[in-house]
Amino acid sequence: MVIGIEGKHSLIQNYIRMNKTWWKIFGSVLVIYTAIAGLLLGVPRLPILNESIRNLYFHVPMWFAMIVLFSISVFYSIKSLSSKSEIDDMKAVESVNAGIIFGLLGLVTGAIWAKYTWGQFWSFDPKQNFAAISILLYFAYLILRNSIDEEQKRAKISAIYNIFAFPMMVVLLFVLPRLKDSLHPGNGGNPGFNSYDLDSRMRMVFYPACLGWILIGYWVYSIRFRIRSIENKQQAN
Amino acid sequence: MKKILFSIILMFATVQLFAQDNGVEMADKLRSDGKIYVVVTCIVIILVGLLAYLFSIDKRLKKIEKEKPTKN
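These protein sequence lines map, in sequence, to chains A and B.
Counted from 1, the first sequence has number 4 at position 4 by my numbering; the numbering is strictly sequential.
Counted from 1, the second sequence has number 27 at position 27 by my numbering; the numbering is strictly sequential.
If you are wondering where the hints come from, they were derived from the structure by calculation, not from laboratory data.
Every residue, glycine too, gets a C-beta built ideally from N, C-alpha and C.
Hints are supplied without guarantee of correctness; some may be wrong.
Unchecked claim - Listed next, the in silico DSS-like pairs over lysine-lysine satisfying Cα-Cα at most 30 Å (straight line):
#: 1; chain 1: B; residue 1: Lys66; chain 2: A; residue 2: Lys20
#: 2; chain 1: B; residue 1: Lys59; chain 2: A; residue 2: Lys233
#: 3; chain 1: B; residue 1: Lys62; chain 2: A; residue 2: Lys84
#: 4; chain 1: B; residue 1: Lys66; chain 2: A; residue 2: Lys79
#: 5; chain 1: A; residue 1: Lys115; chain 2: B; residue 2: Lys35
#: 6; chain 1: A; residue 1: Lys180; chain 2: A; residue 2: Lys20
#: 7; chain 1: B; residue 1: Lys35; chain 2: A; residue 2: Lys20
#: 8; chain 1: B; residue 1: Lys59; chain 2: B; residue 2: Lys35
#: 9; chain 1: B; residue 1: Lys62; chain 2: A; residue 2: Lys79
#: 10; chain 1: A; residue 1: Lys115; chain 2: A; residue 2: Lys180
#: 11; chain 1: A; residue 1: Lys233; chain 2: B; residue 2: Lys62
#: 12; chain 1: A; residue 1: Lys233; chain 2: B; residue 2: Lys66
#: 13; chain 1: B; residue 1: Lys63; chain 2: A; residue 2: Lys233
#: 14; chain 1: B; residue 1: Lys29; chain 2: A; residue 2: Lys20
#: 15; chain 1: B; residue 1: Lys29; chain 2: A; residue 2: Lys115
#: 16; chain 1: A; residue 1: Lys84; chain 2: A; residue 2: Lys153
#: 17; chain 1: A; residue 1: Lys84; chain 2: B; residue 2: Lys35
#: 18; chain 1: B; residue 1: Lys59; chain 2: A; residue 2: Lys20
Unchecked claim - Cβ-Cβ distance ranges computed for the label pairs, FRET-style:
#: 19; chain 1: A; residue 1: Val29; chain 2: B; residue 2: Asp33; range: 25 to 35 Å
#: 20; chain 1: A; residue 1: Ser147; chain 2: B; residue 2: Leu5; range: 27 to 37 Å
#: 21; chain 1: B; residue 1: Lys63; chain 2: A; residue 2: Met204; range: 30 to 40 Å
#: 22; chain 1: A; residue 1: Ile143; chain 2: B; residue 2: Asp28; range: 45 to 55 Å
#: 23; chain 1: B; residue 1: Ala52; chain 2: A; residue 2: Glu231; range: 46 to 56 Å
#: 24; chain 1: A; residue 1: Asn237; chain 2: B; residue 2: Ile45; range: 21 to 31 Å
#: 25; chain 1: A; residue 1: Ile157; chain 2: B; residue 2: Val24; range: 45 to 55 Å
#: 26; chain 1: A; residue 1: Ile25; chain 2: B; residue 2: Ile8; range: 17 to 27 Å
#: 27; chain 1: A; residue 1: Ser147; chain 2: B; residue 2: Ala27; range: 42 to 52 Å
#: 28; chain 1: B; residue 1: Ile8; chain 2: A; residue 2: Ala140; range: 40 to 50 Å
#: 29; chain 1: A; residue 1: Leu104; chain 2: B; residue 2: Ile45; range: 23 to 33 Å
Using the sequences and the hints, build the whole thing.
If you want it as structure tokens, here you go:
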């Protein structure tokens, strides 16, 4: 099977080419800035949260990075159904692989934060439960892939599964928790950080943090994809 | 470079002065001690180390990608 690494590149890909360095440095600088400014700049003085409000700069960007990676995955899954290209399929898998790391980090940091604000690591809060389920959905995606040996079939079935898993993940993370009472900000009767807590001082750190971690996540995905395409070439030879 | 770094640190140190005390307990003692900078330094060292490691992985991968076409 002949695989051309230099395939067609979309507009975004031309700007964020995997082998370019500038966006990796940019992402690194943003993440380091987040660590410094996130700990030193002023934050609103709120009861219960106290200093732990700074976790917003580290816990939430994990989820943003995960969602961006899963979006990349579903994009390439749809693309692979029409293009039947193995590269698109590999991109879909590797972005899920990278996204799951960020999802797990988000879940663990969320549990630790919950311990000191809600009282328990796991209080079976709707947001926590649904976040865990949405990660399980993607574990199922990987297991489904591994259970099919034939490449064409594997690409097609897992792409279709992914197209169903993505809206499920969106519903589980953003719709269902809002319908129930949840301790997590932004759900149930609980106001989100956006309403009054996230003041201009926090925005100065929060937005760069999200962008920085998304770029780092994309970087991890690109490394995984490049390794996989080399492995794939070796197998084909 | 040292001057710039020093002025940035001083700038961050003054930011806390704007914080208003409304009775909610924050880690003000840690900040006034200046020990928060120890924490920040550690976190930054870890992050820089991990990111440098990522860059080195990326460099090695680029090398492998480059030598691939000649072999085939």
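Legend entry - Whether the CB-CB distance between Ser147/A and Ala27/B falls inside 42 to 52 Å: 50 Å, holds
Legend entry - Restraint check for Lys59/B with Lys233/A, where alpha carbons must lie at most 30 Å apart: 19 Å, holds
Inset, instruction - Please work out if Lys180/A and Lys20/A have their alpha carbons no farther apart than 30 Å. - result: 44 Å, violated
Legend entry - 30 Å limit on alpha-carbon distance, applied to hinted pair Lys62/B and Lys79/A: 26 Å, holds
Legend entry - Hinted pair Lys84/A and Lys35/B, Cα distance within 30 Å: 57 Å, violated
Legend entry - Given hint Lys20/A paired with Lys66/B - CA-CA distance at most 30 Å: Roughly 14 Å separates the two Cα atoms, so the pair holds.
Legend entry - Beta-carbon spacing of Ile25/A to Ile8/B - inside the hinted bounds 17 to 27 Å or not: Given a distance of about 19 Å, which is inside 17 to 27 Å, the answer is holds.
Legend entry - Status of the given 30 to 40 Å range, CB of Met204/A versus CB of Lys63/B: Since the Cβ atoms of Lys63/B and Met204/A sit about 39 Å apart, the hinted range of 30 to 40 Å holds.
Inset, instruction - With respect to the beta-carbon atoms only, verify the hint that Leu104/A and Ile45/B lie 23 to 33 Å apart. - result: 24 Å, holds
Inset, instruction - Take the C-alpha atoms of Lys59/B and Lys35/B, compute the straight-line distance between them, and say whether it is at most 30 Å. - result: 36 Å, violated
Legend entry - Pairwise hint evaluation, Lys115/A against Lys29/B, where the allowed Cα distance is 30 Å at most: Answer holds: Lys29/B to Lys115/A is near 23 Å, not above 30 Å.
Inset, instruction - Starting from the range 46 to 56 Å, see whether the pair Ala52/B and Glu231/A falls in it by beta-carbon distance. - result: 25 Å, violated
Against the hints set out earlier in the document, violations occur for numbers 6, 7, 8, 14, 17, 20, 23 and 24.
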